[in-house]
Amino acid sequence: MTKTNAPAPRLEETQAFIRAVRARVATVVVGQDVVVERLLIGLFTGGHLLLQGVPGLAKTLLVSALSKSIDLDFARVQFTIDLLPSDIVGSQVLDQRKNEFVVRKGPVFTNLLLADEINRAAPKVQGALLEAMQERKVTIGNETFRLPAPFLVIATQNPVEQAGTFELPEAQLDRFMLVHRLGYPSEDEEREILARNAALGVAKQDKGAVVQTEFDVLDQEPVGSTAQIVAAMEAVNSVHVSETFVRHVVDIVNRSRTHPAVELGCSPRAGIALVKASRARALMHGRNYAIPEDLFALAEDAMLHRMRLKYEAVAEGLTGRDVLEDLLKTLGAPQTGALSTAAAV
Amino acid sequence: MLRRALSWILLAGLAHAQLAPVRIGIPVRVTDLVIEGSEVEALPIDPKAPLAVRIVAVRPHGTTFRYDIEYVALEAGEFDAAAALKRKDGSAAPIPAIPVRAESKLGPGIVRPHAPKLGDVPGLGGYRTLMIALGVVWLAGLAVLVWLGRKRRQATAAAHARRAQTLSERLRDLVQRAHAGELSERERAELEMSLVAHWRRRLALHDQPASAVLPRLRAHPEAGPLLVALEEWLHAPPPRPPVDMQRLLAPYRDLQDDELELAPTGAR
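Top to bottom, those sequences are chains A and B.
For the first sequence, our numbering assigns the number 687 to the initial residue and increments by one for each residue that follows.
For the second sequence, our numbering assigns the number 145 to the initial residue and increments by one for each residue that follows.
Any given hint might turn out to be false.
Distance windows between CB atoms, simulated [as the list claims (entries may be wrong)]:
#1 B/Gly368 to A/Ala709: 25 to 35 Å
#2 A/Gly732 to B/Arg384: 53 to 63 Å
#3 B/Leu289 to A/Arg955: 46 to 56 Å
Just a sample of chain B residues kept apart from chain A, beta carbon distances all over 10 Å, derived [stated by the list, open to error]:
#4 Leu187
#5 Phe209
#6 Val265
#7 Val281
#8 Pro353
#9 Val357
#10 Pro369
#11 Arg384
Worth flagging that the hints you see were computed from the coordinates, not collected in a lab.
C-beta: ideal position from N, C-alpha, C; glycine also.
This is chain A alone, in the form it adopts within the complex:
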């Protein structure tokens, strides 16, 4: 891997590229601006994403649209209970003509991998993928293969169903830079979704015809290139992070460890993720410096999955969001050692 020593990229060009990608994704996905932003943050910072939401929120369409917008390879794996690690990373198969084993690479060898419903697979399969995510290389047989760059895993998890699922442990959740919780679209957005869907035509195929889906109307012409992603990554790295911002980050991460309702606070990875993601968000919002707004906007995605509440707090009806809200509201104030939503602000 060679480290680029290119001069500071022009922010305007990168921002124009980001705008074009967002506009292209918006042609098929209504709303979900925040999710698109999180995907781009992951792409530009090399951090993986876990999307948590009920089925039917256009997660697959979103990732597919993003990959086509930037000319990236895209693969989707539906995780099931009978999935094996080799189904993800690949395996060696016997070539009967040459009478030798050849490597058949798995779907992990791509730029954008959508791991659909990751919590349905057995822990060893989850472990194999998470290892590949962390090390960015895969060993098949005796050979080690480097994964393509960029490499971004976007996993999804259905929060509703519990039966037949294997919840990701904290240590593995920690490897996802951001965990974003998708919500339902607003009424206006839903109306727009229906209108667009109604406008989809019928495509003739062979002697018959099929009803078109949003996937069929995706423009195949990319609006960006891998080189532009590299430029964007460099631009993100050039975004200024002040001492004050770092202090806010350290403060909130530390407070998550001493909050009376929290059993397991955020790891240092949370702070790293917050700084990285804040830089990318700042760039997307036209700034070359990160501000507390970036921190506040990303805190839930970067911190919530890295915190575990005490049993007593859960029994009292507290949620991770409540605690995080308390942490954000008391940021910069002396620590009170109690849930002090009212007192703080």
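Go by the hints and put chain B onto chain A.
Frame of chain A; chain B shown alone:
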């Protein structure tokens, strides 16, 4: 006449018998001792006397009396038990001698007991004194607490008064120092979050999620200018653009006490 002779004989025999040594501390009782003359009684016991005598019983004996007496020798030596008796009617008639010879029976080389150890000095006074002392201590403690509380209230009141008087000025000072880059890292962070908390309270945005509050504050016509300017000063790389400080601080001109929590100037 015959009776008197017999009495003397008896007393002489007794004197002879009493000369047989007795042991110190062991009471000896003599019964049916006839003493001529009027009735006798024992003198009050003298604690310093070497011999203690008491009369156990008195019975008439013709014109005289017959006595049962008991004596205890407290020292070795020869004594007269009659010296501890007197006539009951107060007459001065002599009482015949009752000789007693007492001996110490402790042999040589006897280990004498150790001197008793000194015990603890008993507490001065009794329960009442103790209660009075405790009461005095309690009252003294109460007085100290009252005094401290009054002092603290006075200090708090003074601090409040000082803050009410100078809150706007202190904010102006902090903002100017922030613009000049003179604040410490902690002061910068606290100033920024104090302003956010202030506007959140002032605009009644308590129920809004923290992530939604900041964009609203940045866009607010009153809250926005200083917050955005602070962001540029505190987070953007230099240089800092010139600012109109009067315009930025206009919404904070009439700050009331407790409207803004500012850290003490110079706090590290």
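Now the hints, each set against the structure:
B/Gly368 and A/Ala709 have their C-beta atoms about 28 Å apart, which keeps the hinted 25 to 35 Å range intact. The hinted range of 53 to 63 Å is not satisfied by A/Gly732 and B/Arg384, whose Cβ atoms lie roughly 32 Å apart. Separated by about 50 Å at the C-beta atoms, B/Leu289 and A/Arg955 satisfy the suggested range of 46 to 56 Å. Non-interface status of B/Leu187 relative to chain A is upheld: no Cβ of that chain comes within 10 Å, the nearest being about 87 Å off.
With 10 Å as the threshold on Cβ separation, the claim that B/Phe209 sits away from chain A holds: the shortest Cβ distance comes to roughly 98 Å. Taking the minimum C-beta to C-beta distance to chain A, about 51 Å, the non-interface status of B/Val265 holds against the 10 Å cut. No Cβ of chain A comes within 10 Å of the Cβ of B/Val281; the nearest lies about 34 Å off, and the non-interface call holds. Consistency note on B/Pro353: stated as away from chain A, yet its beta-carbon is not over 10 Å from all of that chain's, at 6 Å minimum.
Here B/Val357 does not stay apart from chain A, with its beta-carbon only about 8 Å from theirs, under the 10 Å limit. Separation of B/Pro369 from chain A is adequate, the least Cβ-Cβ distance of about 15 Å exceeding the 10 Å criterion. No beta-carbon of chain A comes within 10 Å of the beta-carbon of B/Arg384; the shortest separation is about 12 Å.
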